[in-house]
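Residue numbers (my numbering), protein chains in the order written: chain A, 1 to 159; chain B, 160 to 485.
No wet-lab data here; the hints were simulated from the structure.
Where hints are given, some of them may not hold.
[Said to hold, decoys possible] Some chain A residues judged to face chain B by a derived CB distance under 8 Å, without partners named:
hint, residue
1, I22
2, T67
3, V86
4, S87
Please read these numbers as outputs of a predicted model, since none were measured by experiment.
Cβ coordinates follow ideal geometry from the N, Cα and C atoms, glycine included.
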Amino acid sequence: MSTVSLKHVYASMLLALLFQLIPWEGLALELQPDFMLLAVIYWLLRAPHLCHIGTAWFAGLLIDLATGGLFGQHALAYALTAFLAVSYQRRLALFNIWQQTAYVFFLLLLTQSTVMVLKLFGGDDFPGWDYYLHSFSSILLWLVVIFSPIGVEAPPHKS
Amino acid sequence: MPRALEPQQTPAFFVRGPSPLARLVFFSALSLALIATDSRLHYLTEVRQGFIALLHPLQLVANAPFNLYHASTEYLTGHNTLLETNRELSEQALHDGAKLQRLNELEVENEHLRSLLGASQIIAQPARLGEILHMGRDPFSQKMVINLGTRQNIRPGQAVVDGDGVIGQVTRAYPFSSEVTLITDKELSIPIQIERNGLRAIAFGAGVDNVLDLPYLPVNVDIQIGDRLITSGIDGVYPVGLAVAEVTNIERNPDSPFAQITSKPIAGIKNHRQVLLIGIPEIESALGTVINKTDGKTKTGKPTENSSPVTPTPTGSASQNVNRQP
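Taking the hints into account, I'd like the entire structure generated from these sequences.
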């Protein structure tokens, strides 16, 4: 009884990439949610048979391309996050919405921290604490998605 | 209360494919290998160019609504605004025209003097107009992407300026776009000269918005707040005399042998969407011939087409000094 197909996953990831490519500027750039990561986490938790660590890794690679950073930095961070998401996925389904949100927020912070550590190893400077604003805006977007019809409504049931 | 992730898949009883841990280890190793290859070995330049070219249509789609918005606001500009800008611009043109007339005369005179001295001619650097596609998305670096690429003969190393001053340098050229590193980036340095007294130095980006550092100048250096820094032109990349920054703060600490000088870039990259890309000048004759006059035109200096952040070659100034001595 598969309600979500691979098409949905890739279409949503393409859409996330498109949002990521919008020419953000100034404050909007600082507050830009990580659309791609949210899409990946959503599918990892909801449809782990379609979206696994490899998908997350590839999504990270796309983000590396889009930001112009070194190949593999976001990919590694996304893969690590995907691993944590997948390993707690079954338990998470029993949690209520706020516990799930807290866990997702932890995943977002972890991804950003991993990317930062990798960048610092690469010789970049610490960008300041407002770097973590991305996680806050991302979790707000997550809540919006979860409480909106997209998040909860099951696709038409076919049997 | 809605339950998140409601349509839950029945959990698979048996593990499908490799375990998550195995996948994690595999993909981590892969990304570490990629990081190492990309940062040290530079094998992936073509791969990156290819992928960016593939992403280009997506980028255009993402930019479309904003371009439409800009176009429509431009189209709907009021009659009065247009008249006003028109008046302002013609006034500006009048002022500039007067200056330009003097400049033409000076250029001819300068050329004449240079030919008398036997110095090589300064070659005019062609410029192209580019448009900013988007600012860099990486909070760790100061970059932006413009809409000209290798298809339009843009090469890494070209200087990028706007109407007020220097913005930065092209560091990566893709087929349809190229990446410009701003002068405020930590990895970019630019040879400058203080306009007031001609003191030469190198300005480094501070990695923060709107700050340039001038390290390695002694405590007793002759520099004041408000001094304008202009390009010295000895690197062969930036033309001489473009405004770069204005000194905003000087800290002379007796404990340190160097003064801490910070300055603010003059060019307003956030203000407009068009920039000028200046071609890399062919300076072989400009540097080489003067020192070995006996060799005549046979010896050519090395062309300084470095794609890496600018390394200044002091040969230019040396040759000028040699030249001045009888």
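Interface restraint verdict for T67/A against chain B (beta-carbon cut-off 8 Å): Where the cut-off is 8 Å and the nearest Cβ of chain B is about 4 Å from T67/A, the hint holds.
Restraint: I22/A near chain B, CB-CB cut 8 Å. Satisfied or not? Result: holds, 5 Å to nearest chain B Cβ.
S87/A as chain B interface residue, shortest Cβ-Cβ below 8 Å: With Cβ-Cβ at 6 Å, under 8 Å, it holds.
Taking the least C-beta to C-beta distance, is V86/A closer than 8 Å to chain B? This interface hint holds because 5 Å falls under the 8 Å limit.
Consistency note: the structure conflicts with none of the earlier hints.
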